[in-house]
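There are 4 protein chains.
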Amino acid sequence: MFNSYGNIVRLTSFGESHGKGIGGVLDGFPAGIRIDMDFVQAELNRRRPGQSQLSTPRNEEDAVEFLSGIFDGRSTGSPIGFIVWNKNQQSADYDALKEVYRPSHADYTYQVKYGTRDYRGGGRASARETIARVVGGALAKLALRQLGIRITAFTSQVGAIKLEQEYTAYNLNLAESNPVRCPDPATAEEMAALIMQMKEKGDTIGGVITCVIKGCPIGLGQPVFGKLQAALAAGMMSINAAKAFEYGDGFKGLKLTGSEQNDVFYNNGGRIETHTNHSGGIQGGISNGQDIYFRVAFKPVATVLMEQHTVNADGIDTTLKARGRHDACVLPRAVPIVEAMAALTLLDYYLIDRTTQL
Amino acid sequence: MFNSYGNIVRLTSFGESHGKGIGGVLDGFPAGIRIDMDFVQAELNRRRPGQSQLSTPRNEEDAVEFLSGIFDGRSTGSPIGFIVWNKNQQSADYDALKEVYRPSHADYTYQVKYGTRDYRGGGRASARETIARVVGGALAKLALRQLGIRITAFTSQVGAIKLEQEYTAYNLNLAESNPVRCPDPATAEEMAALIMQMKEKGDTIGGVITCVIKGCPIGLGQPVFGKLQAALAAGMMSINAAKAFEYGDGFKGLKLTGSEQNDVFYNNGGRIETHTNHSGGIQGGISNGQDIYFRVAFKPVATVLMEQHTVNADGIDTTLKARGRHDACVLPRAVPIVEAMAALTLLDYYLIDRTTQL
Amino acid sequence: MFNSYGNIVRLTSFGESHGKGIGGVLDGFPAGIRIDMDFVQAELNRRRPGQSQLSTPRNEEDAVEFLSGIFDGRSTGSPIGFIVWNKNQQSADYDALKEVYRPSHADYTYQVKYGTRDYRGGGRASARETIARVVGGALAKLALRQLGIRITAFTSQVGAIKLEQEYTAYNLNLAESNPVRCPDPATAEEMAALIMQMKEKGDTIGGVITCVIKGCPIGLGQPVFGKLQAALAAGMMSINAAKAFEYGDGFKGLKLTGSEQNDVFYNNGGRIETHTNHSGGIQGGISNGQDIYFRVAFKPVATVLMEQHTVNADGIDTTLKARGRHDACVLPRAVPIVEAMAALTLLDYYLIDRTTQL
Amino acid sequence: MFNSYGNIVRLTSFGESHGKGIGGVLDGFPAGIRIDMDFVQAELNRRRPGQSQLSTPRNEEDAVEFLSGIFDGRSTGSPIGFIVWNKNQQSADYDALKEVYRPSHADYTYQVKYGTRDYRGGGRASARETIARVVGGALAKLALRQLGIRITAFTSQVGAIKLEQEYTAYNLNLAESNPVRCPDPATAEEMAALIMQMKEKGDTIGGVITCVIKGCPIGLGQPVFGKLQAALAAGMMSINAAKAFEYGDGFKGLKLTGSEQNDVFYNNGGRIETHTNHSGGIQGGISNGQDIYFRVAFKPVATVLMEQHTVNADGIDTTLKARGRHDACVLPRAVPIVEAMAALTLLDYYLIDRTTQL
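Chain order of the listed sequences is A, B, C and D.
According to our numbering, the first sequence is numbered sequentially starting from 6.
According to our numbering, the second sequence is numbered sequentially starting from 6.
According to our numbering, the third sequence is numbered sequentially starting from 6.
According to our numbering, the fourth sequence is numbered sequentially starting from 6.
Since the hints were derived computationally from the structure, they do not count as laboratory data.
The structure displayed is predicted, hence computed values, not measured ones.
Hints should not be assumed to be uniformly reliable.
Intra- or inter-copy, both count: the list cannot distinguish identical chains.
In silico SDA-like links for lysine to any residue, alpha-carbon gap of 20 Å or less [to be verified]:
1) Lys167 - Lys257
2) Lys219 - His283
3) Lys219 - Glu104
4) Lys25 - Ala68
5) Lys257 - Asp41
6) Lys257 - Ile277
7) Lys260 - Glu169
8) Lys103 - Arg155
9) Lys103 - Leu147
10) Lys92 - Val217
11) Lys92 - Glu70
12) Lys103 - Thr121
13) Lys167 - Phe256
14) Lys103 - His314
15) Lys219 - Ser57
16) Lys219 - Glu171
17) Lys206 - Leu261
18) Lys206 - His314
All chains should be modelled from the sequences, with the hints used to inform the complete structure.
Quick look at the structure:
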C-alpha cells in the first residue's frame with residue numbers, strides 16, 4: 006500500500022517537489038530486458054515542463070540517473086533504483102504557503118493527517134511525483150514491446166472541445182505531432198487556443214485522455230477483485246487530478262440495451278474475435294484479445310493565478326493569490342503518465358497470468 | 006491479489022454460482038464489534054433475487070451461516086468465515102452452455118485463461134459471487150457505525166431516465182421505499198416502467214448508482230498510489246458489469262475552469278470546511294471531512310432472452326438463446342453491493358490511518 | 006498478513022477449536038490440477054488425533070468438505086474453499102478456563118490483545134487450526150508432484166533421543182511405518198517408549214522434525230528478503246509450538262571453518278552439482294538443485310495433566326490442573342504439518358520464479 | 006515479496022556491491038519522528054568494514070544521504086529514500102569471477118535464475134546490501150525509542166567459543182566495548198584471537214548472535230501465520246549467511262518436559278508476569294511483556310583466501326583462489342544488522358497491533 010504500485014512488478018516511488026529529487030525503485034522487473042536509455046529519457050521529455058508554450062515555463066531538465074539493477078545494458082532481475090534530481094526549484098515562491106491552505110490542494114488534508122507537511126511546491130502531493138511513474142512505465146514499455154503490446158494515449162477533450170468520433174476514426178500516430186497530443190490536428194488547434202486563453206486569464210481547464218492498448222494477449226486479469234479494469238481504474242485514479250475512469254462503452258453505453266451492446270463472437274480465420282468492441286477488450290475482468298480502451302477525466306489544475314478566499318493554519322479567513330509557474334492545462338503532459346500507469350499494470354498482469362496453469 | 010480485497014481488513018471470497026455455495030473470510034476485522042445478525046441478513050435480503058417483480062424470479066433464500074470469528078455475539082479479532090449455501094440452482098438450464106461462449110460474458114476468456122471452466126450459471130464469474138461482498142460489507146458497516154460513518158447508495162439512472170439534480174436535493178432515506186432504490190418516487194416509477202418493458206422484451210438495460218458517504222473523518226487515504234479515490238475506484242470497478250467510476254464533479258466538471266471548480270475553505274465555527282464540494286470530499290487523495298460521493302455506471306446485463314450469434318468451443322459459428330432466470334436490470338440489486346465495497350474500503354482505510362502517527 | 010500465507014498461492018485459514026469447524030481458502034492454485042480426494046484425506050488422517058496410542062484419545066474424524074474451486078475433478082483456478090467440521094468437541098471441559106490463564110498458552114496474550122477470546126479449547130490458538138494447513142499443503146503436493154518435487158518429513162528427535170546420523174543414512178520411506186514417524190525403527194521404539202512414559206505421568210516432551218525436499222529445480226527463491234530459507238523459516242516458525250529452525254549445517258556448522266564448509270562445484274555428466282551439501286540446497290537464497298533439508302524444533306505441549314500455579318483474569322494467584330484429552334508429544338502429528346508448510350512455500354516460490362524472465 | 010520487507014512499515018532495498026551505491030525506501034514510517042542523523046550514521050559505522058583489525062581492510066566511508074521524507078528534522082510520513090554511495094570499490098579484483106562460480110556463493114544460482122548477473126563483488130548478493138537494512142533499522146529504532154522498546158544484540162559464539170550462561174548473566178552494555186561485540190570481555194578476547202587466527206590462514210569462521218528486546222508491550226504478533234517469532238525468523242533468515250534461528254529455549258528446551266518448561270504466571274504488584282521465561286517473551290505468537298530473546302547462527306564466510314575447486318560457466322572443472330578484501334568472521338559486523346531487522350519487525354508489528362480494536 007502507500008507508495009508502491011503493482012504485485013509482481015512493483016514500483017515504489019519517493020521524493021518531493023522541492024526536496025533533492027523524485028525517485029523510485031522498480032522491483033520484480035524481468036531479467037534480461039535491454040534498457041534503451043534514450044527511450045526512457047524521451048518518455049520523461051514528454052512529461053517535462055517547458056516543452057511547449059502550452060505548459061509551465063519551468064524548464065526542468067528531468068534527466069534520470071539509474072542507481073542499480075542494470076548491468077551491461079540489460080536488466081538483471083534486481084531492483085532498479087533511479088532518481089531525477091531536482092534542479093530548478095524556486096522554493097521561496099512557496100514561503101507564503103507555509104501557513105495557508107490552498108483551495109482544492111492537499112495542504113489541509115496532509116496537515117491534519119500527518120501533523121506536518123513539506124509545504125514547498127506541494128511537497129509529496131506535487132504532480133512532480135509522476136516522474137517516478139513515467140520512468141517505471143518506460144521500463145515496462147520496453148518489456149511489453151517484446152511481447153507485442155503497444156499502448157497509446159492522447160488528449161481527446163479539453164474543456165468542452167472534444168473529438169467527436171471513436172478512437173478508431175483517427176490516426177493515433179498524429180497525437181505526438183502537436184503539443185496538445187490530440188490525433189486530430191484541427192481539434193488540437195482549437196484545444197491549444199483554449200489553453201492559451203486560460204493561461205492568459207490565469208485560469209485553468211481540464212479534459213479527457215483516451216488510452217488504447219493493442220496486442221494484449223487473451224487472459225490477462227484476475228477475475229474477481231483483480232479484474233483488469235479494476236486494476237487500470239486504480240492506476241488511473243491514483244494520478245493527480247484524475248476524477249473519472251470509464252472503459253469500453255462506459256457512461257455512453259447507458260443508452261444501449263443489452264442486445265445492442267453485446268459483442269457477438271465470430272470465427273475470424275481460426276481466431277475467435279468480436280465484431281464490435283463495446284466491452285473495451287475485457288470480459289469478466291479478463292482481456293479477450295480485442296483492443297483495450299479507456300478514458301480518464303482530469304479536473305482543471307487547482308492552482309489559479311487569481312485571488313481566492315481560503316483559511317490559514319489558525320483557521321482565520323484570508324485570501325491567497327498563487328505565484329509560481331503553473332500549467333493552465335495538464336492534459337498534454339499527463340498523456341505519458343496515463344501510458345505509464347497502463348504499462349505498469351499490463352506488465353504486472355502479464356506476469357501474474359504466467360502462474361495460472363502449471 | 007486474486008480473490009482478496011483490502012489491506013488490513015481483507016475479504017477473501019470463494020464459491021461458484023452452481024457449486025455448494027458462496028462464502029468468504031473476513032480477516033483483520035476489529036475485535037469486540039457486536040455482530041447484529043439481523044442486520045447482516047437484511048443486507049443480504051437487499052441483494053437477493055426475487056425481492057420484487059423487477060428482479061429475477063429466482064427466489065433464493067441466501068441465508069448466511071457464520072463459521073468462525075464470532076463468540077458471545079462479538080467479533081473476536083480472528084477471521085470471520087461464512088457461507089451462503091446454494092439451494093435453488095437449476096443447473097440443467099446451463100447444459101447448453103458447456104460448448105458455447107455467450108456474448109459479452111466471461112465464458113471465452115475463462116476458457117482461454119484457465120483451460121477449463123465451471124460453465125454452470127457462469128461459475129465463478131456469476132454475480133452471485135457478490136454475496137460474499139455484501140456479507141463482508143455488512144460487517145464493515147457495523148464497525149463504521151460505531152465510528153459515525155454512514156454509507157448510502159441509490160439508483161440515480163436507468164437507461165436514459167435519470168435524477169436531474171445533485172444528491173443533496175433528495176431525501177436519500179426514500180431510496181429504500183421503492184423497488185428501484187431511487188430516492189425520487191416519481192423517477193423511480195419511470196425507471197420501474199422501463200425495466201418492466203425490457204423484461205417483457207427479454208432485453209436488459211443499465212444505469213448509474215450514486216453513493217454518498219457521510220461522517221468520514223479527515224485523513225483517510227494514502228496519498229500516492231493508495232489515494233482514497235483510487236481505492237474506491239478499484240472496489241467499484243471490480244463489481245460485475247461496472248463500466249465507469251467518477252467522484253466529485255467527475256466528467257461534469259470538465260465544463261468548469263479551475264477558478265470555478267475550486268472548493269474555497271472557510272472557518273465554520275472552528276471547523277475548517279468548504280463552501281462547495283466539487284472535490285467530492287477528497288483532496289490530494291485524502292478525505293477532507295466533507296461528504297464523499299461518487300457514481301458507478303453499470304452496463305446492461307449480458308444475458309438477453311433473444312437469439313444471438315456466437316461461436317462454440319470448436320470455433321464454429323452458431324446461435325444461442327438464453328434460458329434461465331435473469332434480471333432485466335441489475336441496478337436495484339447492485340445498490341447494496343456498491344455500499345458493501347465502499348464500507349470495506351472505508352474501514353480498511355480507517356484502520357490504516359491509525360498507523361500514521363505514533 | 007494475519008491469517009493468510011503465501012504470495013501467489015495463498016492459504017487463508019479460519020476457524021476455532023470448538024467452533025463450527027476449521028476451514029480455509031486456497032487462492033492462486035494453478036488450474037487444471039487433478040484433485041485426488043483420497044490423498045487429501047490421507048494427509049488429514051496423518052494429522053488427526055487418535056491415530057495411535059501415542060496421541061490424544063480424541064478420535065476426530067476430520068473429513069474435509071470442499072466448497073468451491075474444483076470442477077469435474079480438477080482445480081479450476083478459482084479459490085478452493087474447504088472446511089473440516091468440528092464434531093467431537095467437549096467444550097464443557099474448558100469452562101474452567103474462562104477465568105484462568107493457562108501457563109505457556111495464548112490465553113493471556115489473546116485476552117490483552119483482543120480484549121476478548123474464545124476460551125474453549127484454545128479457540129483460534131488451538132493446534133487444530135493446522136488442519137487448514139494440511140489440506141492446503143495436500144493440494145500443493147498434488148501440484149508439486151507434477152513438477153517432480155517430493156517432500157518428506159520425519160521425527161528425528163524426541164526429548165534427548167535422536168537419530169545420530171544425517172538423513173541420507175536412513176530409508177525415509179520407513180518413517181510412515183511406525184507411529185512416531187521416525188525412519189529408524191529401533192530409535193522409533195525408544196521414542197515411543199519415552200512418549201508413553203510422559204503420557205503416564207501426565208507430562209509432555211518436545212523434539213525435532215527433519216524435512217527433506219528432493220527434485221527442487223534450480224532457481225527458486227527471491228534473493229534478498231524473500232530468500233527461500235527465510236520463507237521456509239517463516240512457514241515453520243508459524244506452526245504452533247515451533248521454537249527453532251535450521252537448514253543445511255545449521256548450528257552444527259559452527260564447528261567448521263569456511264574452507265571445510267564450502268560446497269565445491271563439479272561437473273556431473275553435464276550437470277553442475279556439489280560434492281557436499283552443507284548449504285542445504287540453497288545458495289544466496291536460491292535453490293541450487295541439491296536436496297533442501299531443514300530441522301524444526303518443537304517444545305513440549307504446554308498442557309500438562311498436573312497441577313500448576315497461575316493467575317486468573319482478576320490477577321489473583323490460583324492453581325490449575327488441565328483436563329481434556331491431550332498429546333504427550335506433538336511430533337508424530339506435526340510431521341504432515343511441516344510437510345504442508347513446505348509444500349505451500351515451494352509451490353508459491355515455483356510460481357513466482359516463472360515471472361523472472363520474459 | 007522480492008526486495009521489500011514489512012507490511013505497514015516497509016523497507017524496499019536496492020543496489021549492488023560495485024554499482025553506484027546501496028539504497029532503500031522506507032515507506033509507512035510514522036510522521037513526526039525526530040530523525041537523529043548522528044545516530045543513523047553511528048549505526049552504519051557499527052556495520053562498516055575496516056572498523057577494527059578483525060574486519061576487512063576495506064575502509065568504506067558508508068555515509069548515508071537521505072533523499073526524501075524528512076523535513077525540518079522530522080519524518081513527514083512520506084517515503085524516506087536514501088542512498089549510501091559506493092566509493093572504494095576495486096572491481097578489477099572481480100574480473101576473474103566473470104566466468105567462474107565461487108563455491109557456496111550465489112554466482113551459480115543467480116546465473117541460472119536470471120540468465121545474467123553482475124559478477125562484481127557478488128553484485129546484488131553481496132552482504133553490502135545490508136546497508137539498507139541498517140539505515141532502515143536505525144530509523145525504526147528512533148521510533149521504538151519513543152515507545153520504550155530497546156533492542157540489543159551481541160556476539161555470543163564464534164566457532165566453538167561461546168558464552169556459557171544466559172544473557173541475563175551479562176552486562177549487555179559491555180558488548181560495544183570490544184570489537185567482537187561480546188558482553189564478556191574475557192570471552193571476547195578468546196573470540197578475537199580465533200578470528201585473527203582464521204584471518205592469518207585465509208580461512209573463515211561462523212558463530213551466533215543473540216538478540217534481546219526489552220520493553221515490548223503485550224500484544225504484538227498476528228497469531229496464526231504472522232506469529233511474532235515467524236516474522237522475526239523470516240527477518241533473521243533473510244540476512245546473508247544466516248543458517249539457524251531459535252527463540253526462547255529453542256533447541257536447548259528439548260531437554261525439558263512440559264511441566265519443567267512452562268512459564269508460570271504470577272501477580273507482580275498488579276502486573277501479570279512469569280517467573281521464568283522459557284517462552285522467550287512470546288506466547289501463542291504474541292508478545293507477553295517479558296523479554297524477547299532469540300539466537301541466530303551464521304555460517305563462516307564463503308570467501309576463503311585459499312585455492313578451491315569449482316567449475317566455470319562452461320561447466321569445466323577449474324580452481325579458484327579468491328583475492329579481494331574479506332572478513333574472516335562476519336559476526337561483529339552482523340550485530341547491528343540483526344538489531345536492524347528486529348527493529349523493523351517490531352515497529353511494523355507495533356503499528357499493525359494498533360488496528361486490532363476500534
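Going down the list of hints, with the structure as the test:
1. Lys167 - Lys257: Both: 15 Å inside a chain and 14 Å across chains, each within 20 Å.
2. Lys219 - His283: Answer is within: at 15 Å inside a copy they meet the 20 Å cutoff, but 35 Å across does not.
3. Lys219 - Glu104: Answer is neither; intra-copy 48 Å and inter-copy 28 Å both fail.
4. Lys25 - Ala68: both (13 Å within a copy, 16 Å between copies)
5. Lys257 - Asp41: Neither: 39 Å inside a copy, 40 Å across copies.
6. Lys257 - Ile277: Answer is neither; intra-copy 26 Å and inter-copy 38 Å both fail.
7. Lys260 - Glu169: Both. Shortest intra-copy (17 Å) and inter-copy (16 Å) distances satisfy the 20 Å Cα cut-off.
8. Lys103 - Arg155: Neither, since 44 Å and 34 Å both go past 20 Å.
9. Lys103 - Leu147: The answer is neither: 41 Å in one copy and 27 Å across copies each exceed 20 Å.
10. Lys92 - Val217: neither (34 Å within a copy, 43 Å between copies)
11. Lys92 - Glu70: both (13 Å within a copy, 17 Å between copies)
12. Lys103 - Thr121: The answer is within: 10 Å in one copy meets 20 Å, while 46 Å across copies does not.
13. Lys167 - Phe256: both (16 Å within a copy, 13 Å between copies)
14. Lys103 - His314: within (16 Å within a copy, 61 Å between copies)
15. Lys219 - Ser57: neither (29 Å within a copy, 43 Å between copies)
16. Lys219 - Glu171: The answer is within: 15 Å in one copy meets 20 Å, while 38 Å across copies does not.
17. Lys206 - Leu261: Result: close only across copies, 14 Å inter versus 41 Å intra.
18. Lys206 - His314: within (18 Å within a copy, 55 Å between copies)
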